[in-house]
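Student: The primary structure of each chain is shown beneath.
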Amino acid sequence: LSATHPVFAIVGHPNKGKSSIAATLAEDETVAISPDPGTTRRSHGFQMQSDQRVLYELVDTPGFQRPRAVLTWLHEHERGADSRPAVVREFVAGHADDERFQDECELLRPILAGAGILYVVDGANPYGAEYEAEMEILRWTGQPRMALINLIGAGDYVDEWRRALNQYFSIVRVFDAVRADFGKRLELLRAFRELGEVNEGWARALDDAVNALELDRSARHRRAAGEIAELLIDVLSARESAPAPEGSDHLAIENALIEQLKARIRNREAAARRIVQDLYRHRSLETQEQQFNLLSGDLFSERSFVIFGLSAAQLAMTGAATGAVAGGVIDIAAGGASLLLGAGLGALVGGLGAMLGSNRLAKVQVLGTPVGGFRLSVGPITSPNLPWVMLGRALLHHRLVAERNHARREALIVDAGAGAHLADSIEGGRRRRLSAAFKRIRDHSGLTVPERDALIDDITGAMSDLGRHGAAGPAP
Amino acid sequence: MIRRMHDSAPERSLLAAAIEIPAWLEADRETPYDERLHRDRAIAGEVKRSDPLLRVREWWRRIHGHAVADSTPTPAARLVRAQRLITVLMGILGAVAGLGAASAIFHYDGTWPVNVVTVFATLVLLQLLLILLTLLLMLPRAPGIGAIQDLIGSLNPGAFIAALYRRVARMDDRQANLLLWHEARAPAAARFARWQMVTWSQVAAVAFNAAVLATAIGLIAFTDLAFGWSTTLRLDANDAFRITDALAAPWRPLWPAATPDPELIRSSRFFRLAAASPNVVPPADLTGWWPFLLAAIVTYGLLPRCLLLTWASWRLHVATRHLLLDDPQVRALLDRMNSTEIRLGTAAGERVHSSHIAEPPLPPLSDADAIAIAWSGAIPRDTVSHWIAQHLHRRVAEAFNAGNGTLAADEATLDRIAARNPSTVFILVRAWEAPLLELKDFIGAVREHVGAQCSIVIVPVAADRDLATAAQRATWSRWTARHGDAAVYLESGA
Chain A
624 LSATHPVFAI
634 VGHPNKGKSS
644 IAATLAEDET
654 VAISPDPGTT
664 RRSHGFQMQS
674 DQRVLYELVD
684 TPGFQRPRAV
694 LTWLHEHERG
704 ADSRPAVVRE
714 FVAGHADDER
724 FQDECELLRP
734 ILAGAGILYV
744 VDGANPYGAE
754 YEAEMEILRW
764 TGQPRMALIN
774 LIGAGDYVDE
784 WRRALNQYFS
794 IVRVFDAVRA
804 DFGKRLELLR
814 AFRELGEVNE
824 GWARALDDAV
834 NALELDRSAR
844 HRRAAGEIAE
854 LLIDVLSARE
864 SAPAPEGSDH
874 LAIENALIEQ
884 LKARIRNREA
894 AARRIVQDLY
904 RHRSLETQEQ
914 QFNLLSGDLF
924 SERSFVIFGL
934 SAAQLAMTGA
944 ATGAVAGGVI
954 DIAAGGASLL
964 LGAGLGALVG
974 GLGAMLGSNR
984 LAKVQVLGTP
994 VGGFRLSVGP
1004 ITSPNLPWVM
1014 LGRALLHHRL
1024 VAERNHARRE
1034 ALIVDAGAGA
1044 HLADSIEGGR
1054 RRRLSAAFKR
1064 IRDHSGLTVP
1074 ERDALIDDIT
1084 GAMSDLGRHG
1094 AAGPAP
Chain B
2 MIRRMHDSAP
12 ERSLLAAAIE
22 IPAWLEADRE
32 TPYDERLHRD
42 RAIAGEVKRS
52 DPLLRVREWW
62 RRIHGHAVAD
72 STPTPAARLV
82 RAQRLITVLM
92 GILGAVAGLG
102 AASAIFHYDG
112 TWPVNVVTVF
122 ATLVLLQLLL
132 ILLTLLLMLP
142 RAPGIGAIQD
152 LIGSLNPGAF
162 IAALYRRVAR
172 MDDRQANLLL
182 WHEARAPAAA
192 RFARWQMVTW
202 SQVAAVAFNA
212 AVLATAIGLI
222 AFTDLAFGWS
232 TTLRLDANDA
242 FRITDALAAP
252 WRPLWPAATP
262 DPELIRSSRF
272 FRLAAASPNV
282 VPPADLTGWW
292 PFLLAAIVTY
302 GLLPRCLLLT
312 WASWRLHVAT
322 RHLLLDDPQV
332 RALLDRMNST
342 EIRLGTAAGE
352 RVHSSHIAEP
362 PLPPLSDADA
372 IAIAWSGAIP
382 RDTVSHWIAQ
392 HLHRRVAEAF
402 NAGNGTLAAD
412 EATLDRIAAR
422 NPSTVFILVR
432 AWEAPLLELK
442 DFIGAVREHV
452 GAQCSIVIVP
462 VAADRDLATA
472 AQRATWSRWT
482 ARHGDAAVYL
492 ESGA
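Listed in order, the protein sequences are those of chains A and B. For the first sequence, our numbering assigns the number 624 to the initial residue and increments by one for each residue that follows. For the second sequence, our numbering assigns the number 2 to the initial residue and increments by one for each residue that follows.
Be careful, since some hints might not be right.
As the list claims (entries may be wrong) - A few chain A residues that face chain B, going by a derived Cβ cut-off under 7 Å, partial list only:
hint, residue
1, Asn638
2, Asp674
3, Arg689
4, Thr695
5, Ala752
6, Asp901
7, Leu902
8, Arg906
To be verified - Straight-line C-alpha distance at most 25 Å; calculated DMTMM-like pairs for lysine to aspartate or glutamate:
hint, chain 1, residue 1, chain 2, residue 2
9, B, Lys441, B, Asp416
10, A, Lys1062, B, Asp262
11, B, Lys441, B, Asp486
12, A, Lys807, A, Asp782
13, B, Lys441, A, Asp720
14, B, Lys49, A, Glu817
15, A, Lys807, B, Glu342
16, A, Lys1062, A, Glu1033
17, B, Lys441, A, Glu722
18, B, Lys49, A, Glu1050
19, A, Lys1062, A, Glu1050
20, A, Lys1062, A, Asp839
21, B, Lys441, B, Asp370
22, B, Lys441, A, Glu729
23, A, Lys1062, A, Glu863
24, A, Lys807, A, Glu817
25, A, Lys1062, A, Glu882
26, B, Lys441, A, Glu755
27, B, Lys441, A, Asp721
28, A, Lys807, B, Asp151
29, A, Lys885, A, Glu912
30, A, Lys1062, A, Glu1026
31, B, Lys441, A, Glu909
32, B, Lys49, B, Asp336
33, A, Lys885, B, Glu31
34, A, Lys807, A, Asp831
35, B, Lys441, B, Asp467
36, A, Lys807, A, Asp1066
37, B, Lys441, A, Glu759
38, A, Lys885, A, Asp1066
39, A, Lys885, B, Glu27
Rather than coming from a laboratory, the hints here were simulated on the basis of the structure. Backbone N, C-alpha and C fix where the C-beta goes; we use that ideal spot for every residue, glycine too.
Isolated chain B (complex conformation):
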C-alpha cells in the first residue's frame, strides 16, 4: 500500500527529504484519515521540537525507522546525485574558464607588457556587470522585469548545464523539473529552481575567480610578468591615479602597498615605455601593478561572488525548506500533528448474518377448528375473525389475546386453546416489531398444548390493521424459517 523509501544514510539531505516525504505522504493518503491522525498525533507527543522543519524531519525519522530498505534508487536519490554532480561540474567549468582566462589575459611573451586596463576590464568590470545581472535575477519576480529575468535565466550557465545534464542522464520524471529554471512551474518549485540556478552560477563564478587568482599568483611568482597601461580614452596619469586610488580604498588600510602611486602610473604608461629603452625602466615600474590587480580581483571578483554564493546557498536552503513545508501533504501532516485527536470509538466488527433463507411453505388449507391469537395487541381481539376472513380468506372459531399481560395470563390462554384441540392456530403479530424470543417461547408452549399435527401460522399485521410490507414480511419470513418447527408457517394476507 505504501511505498517504503530507500534509506542508506541516517540523515538525508533536505532536498531528498523535500522529495521523499511528500511522495510518501501522497501514497499514505490511502490510509484512513483517523488512523493517520492517531499515528501522527502519537509521534507529535514524542517530538519536543517546535520548528516545523525539525518536527517533520523527526516525524520522518520515526516513520522511516519502520521502513523496509529497498535497493532501488529513488527519484529523490537520483535528483540529489544530479544536484551534486552539476555543482561539481559547475565548479570545474568555472575553474577551467578562470585558468584559461587568466592565462590569456596575463599572457606575456617579453615583447609588450600586460595591459592593466584589459585585466581590469575583463576581470573586474565585466564581473561587476555580471554580478549586477545576477542581482537582478535574485529580485522577486515582478511585472516589467520578468522578461529580463527570463533572458538572464536563459543565459545562465547553471540553467544550461542542468538542462544538458537532464537530457544526457535521461531524467524524465517530474522531480527533475526542479532542476530546470524554465520547467519548474508551481511557485515553491519555481523558487527552488531559481535559487538552485543562481547557486550553481555562483559556484562557477567563485571557482572562476579562485582559478584566476591562483593562476595570476602562479604567473607572478614563477614567471617574469611586466605590466603597463594604455587606453584610447582621454585619461592622463592624474585621472588614472584618482581612479586607482578610489578603487583601492577598500583594501588600503589592510594592504597599503596595493595602491599604485602616481609615479608608477606615470612611468608605466605604454607610450612612455615605448619611448624609453626597457633597460632604463626601473623593474618596479613594470611589476609594481600586481598587488593592485590581485587586490582588485579579490575585492571586486572573488569576495562578491563568495558573498553571493553564501546568500544564494542560504536562499536555496530556505527555498528547499519551503519546498518541503509548503507541500500540501506536509502541511496536512503538521495539521495532524498539532490537532487534538477526537476518537469516537469503533465497534468490534459484528457482522450481519446471511439472510438468504428459503421462504417457509404455505400452510395446508383447512378451516376446521381454527383459532387465532392476537399477540401483544397486534389488532383488537374482536376484529381478528373479520381480518382473517378478509385477508386470509379463512374462518376462525375463536380469538384470544396473549403477550401483553402476565406470563400467567398467557398460560391460562394456552390451557383454553388446548381444550379446543384446534387444527390450525393463527398468531397475529405486529409486523413492525422484531420477533422476540418471548414469542418463540410462546409458540413452543402452543405446540406443547396443541400437539405436533396442529398448523401454527404466523400472521404479521401492519399498523392500523394494514397488510405487512414486503420488508416486514421478509423479516418475519426469515425468522419463521429459522424457527425449526416444520409445522410453523407464515401468511401475511392479500
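Here chain A stands alone, though its shape is the one from the complex:
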C-alpha cells in the first residue's frame, strides 16, 4: 500500500455490512453481498481516482473469525504497550500460511501497511462482549480508528453500541450503508477527514475527494437532464409514415402506424431509463414501472399527397409560380397591354393543373420508380399533457436512481402515478419556459443547441425543485 494517499480498511465482524459500505462508497453494484458469512475471503481495494490521481482507497476485508484466539496469542507475546503493533505484525508474519487465521491475516495486513481503520458494527442488534476481542486487537495495531454503526435491521441499539465503542475509537458515526444517500456519503468522507487529520496529505486528499465527487455529481445530474431532454425531443417530434395508395385500407394503415409510434415511444423511454441508470452506475438495476397509455385521440394524423418530396399544396404553389412566369412572358410579348392578366391566368392554370394532375403525375415512373404517391403519416402527439407526464416520470425515476444506494439489490419500483403529477412542483417560471420549449419542439421537430441547452438547464433546475420540495413520492 502506498502512503501517498489515504487508505482505510473496512473491518469488523462478518456480515455487519463491510461490503455494503464498500459498495456504497465505491458505487459498485457488483460487490458480493450475502447474508452468509465468509462471502468476502480476500481483501479488495477500491481506489477513488480523479484523472489517474488516487484520492483515497477503501479496502474491503474478510471479517474476524477467531478473534479470541488471536488476542490470546497477542497477550502471550506482549512485551509492553510500545511494542504492541510489532507483536501484531509478528502474528501476521508467523501465521501467513496458517489456514486457521487466513481471515485475520488478510484483514490485518492493510492496517499494518498504514491504513486507517473503519470498524463496522450493526446498531440494529444488541452489543455483545465477544466484540471486545476484535476491538482490542485493532487497538493493538495503533492505527487511527473510526467506528461506523451500520443499521442492518429495524432495531435500535445505537446508544449501547456508542457506550462500548467510545472506549476503543476516537470517532464513532452512525451510517446506514444501504439507505445512505449521496449527502450522507459525503458526510462520511468528511468524517474520514477527521481520521486523516493525523496526516496533512490525507486531509488534503480527502478534501479534494469531496470536491471532486460534488462536481462529478453535478455533471451527472446535467448529463441525466440532457438525456431526459433528448427523450422529450424525440417523443414530441416522433412521426411514423407509410405509403397509402388509392384503394388501400387507410384505417388499418393508420392503426398500424399508431402502434408503431407507441412502441417507438415506449422503447425510447426504456432506453432513456437505462442510460440514466448507467450514468449513476446502476446498470444491473431492475426497474418496475407501469407504462402509461398514449391515447390515439392525441395523435395528429393525415394522408397527404407527396411528389418529389413536395406536398400537394407545395406542388400547387410551384405550379402556380411556374404558370405565372409563363404568363408573364405573354405579358412582356404584349408590351404590358395585358395588364398582367397573363401572369394571373398562368398562375391560376398552373396551380389548378398541378393540383388536378397530381394523381396522374404520381403514376409517372422514372427508371421504374413512381415519382410520387399518397402517404399516411401519424404524429406528432398533440396532447399538451404528454410532455409533462413524461417529464414527471423521468424526474421521479432520476431521483430514485440518483439517490439509490449501490448496496441495495432489490428491484427499483417507480410509482408511475406519483411521477405523472411531479411536474406540478416545478417552479412557475421554469414551467412556462418548459412549456414554450415543448411547443418549439413540436413546431420545429427539435431544438437548436442554445434552446436545447436552455431546456437542459430547466430540467436540471426541476431536479433541484423536486429535491427541495421533497415531492418525489416514495423515498429512495
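With chain A fixed as given, assemble chain B onto it according to the hints.
Tutor: Quick look at chain B alone, frame taken from chain A:
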C-alpha cells in the same frame, strides 16, 4: 455490440463524419458509461487540438483505427456519393442550359442583328432577379418570409433534382432526408438541407454562366455576329448611353473598351439599321457591343454566382460542422473528453456461493441428560432452561456460558460438560450474528468431549429472546448443513 464502420480512405468527408460518428456513438451507448468516459478521456489526453471539430475527428481517427473493415457501403458512404453525383448533375444541367440559352439568344442568321436588350434582359436582369430570390432563401427563417422561402425552395432546381435522385436511387433511409429541403426536420438537419440546396443551385448557376460566356465567346470568335438594340420603352440614345455607362462602371477602369460610346448606341438602333443599307453601316456599329455584353455577363452573372457559390459552400461547411457537433451524442462525447474522470474502483468480482443446501434433519427426541450452552451471551444463563422448555418443549438438566470469556474459560466449561456425559447439547446462539469459525472450533471441541453419539443442537435466538426470523434461520440452517457433522442439528423453536 458496436457496428464497425467501413473506411476506405484515411480522411472521410465532413458529411460522412457527421453521419458516421453520431451513428457509431448511438450504438456505443450500450457500452457502460464509465468505460466510455475512461476511453474518451484517455484519447482526449493524447489530442492536443482545441477546436471541437478537430478533437472529434481526431478521436474518430483513433477509435476507427481499431475498427474492422467492412465491405458493405454505409448509409454515410451512399449519402456522400449521392451528394457528389447530384453536384455533378447540377453542373451538367447548368452547363447544358447555359449552352442552349446562349445559342438561342445569340442566334444570328444574317437577317437581323442580335438584340442587345434581349441579351441583357435574359442573361443579366433575369439572373439578378434569381440572385435576389436566392438571397431571400439564404435569410434565416423568420415569420412572414417562411412561406416565400418555401415557395422559392419548391422551385429550386437543386431540391427538385435531389428529390428525383432519391426516388430513383431508392434511398429510403433517414439520412437521405438530409438532402431534401422539404423533409429534413430537426433544426441542424434543416439548416444543412437548406444550404445544400442553395449550393447545388449555385453550382448550376455558375455552370450556366460559364457555359453562356464560353458559348458567347465561341460564337463571337468563330461566327459573324451582329448586334443592335431595340425596345418598346420610350428610350432615346442618350438614355441608353446613361444606362450602359452606369452598368459599365464596375469594369470601366479595367476594360474601358467594354463601354459602348454614344455613337455606337445611336448607330446600332434597329430602326436606323433598317433605314440604312447594311453595306454602309460600319462593321464596328454591328459588332461593337460584344465587349460590353461579355463584361455584363461576367460582372452581373458569373461573378455574383461565384460569390454566392463560395458563400453557400462555406455555409454548407458550417452547417455540416453543426450537423456533427450539434448532435447530442457528439456533444456528450465532447463532454466526456473534457470531464474529469472520477473512478471509484471495482471489486474483482467475488461471487456469492450457491446457497441451495438441504435443511439439516431434526434431532432425535430425547430429554435424558440434556444440557445447554449460551454462546456469546445469546440469552442469560439463568433463563436458558425456561426458554428451551417454552420454545423447544425440551428439558435441560444444566446450562452453561461460553464464547464471551477467554478460551481457557471455554475449555473449563467443556470439561464440566464432559463430566455430565450428556445425550444432547443445546447451543443457543445469537441468531443475528454470523456463525464464526470460532463457534465451529467450539462445536468440534464439544464433540471431542461428549463423544460421537451425543446430539448437538444449534438454537438461534433473536434479540430480546425472541424466535429467530426465517432469514436468520435460513442462514444458520445453511451453516449447520455445511458443518459436516451428521449429529449437529438446528432447531429454532416455535
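Student: Looking back at the numbered hints, which does the structure fail to meet, lowest number first?
Tutor: Result: hints 10, 14, 16, 18, 20, 28, 30, 31, 36 break, sorted rising.
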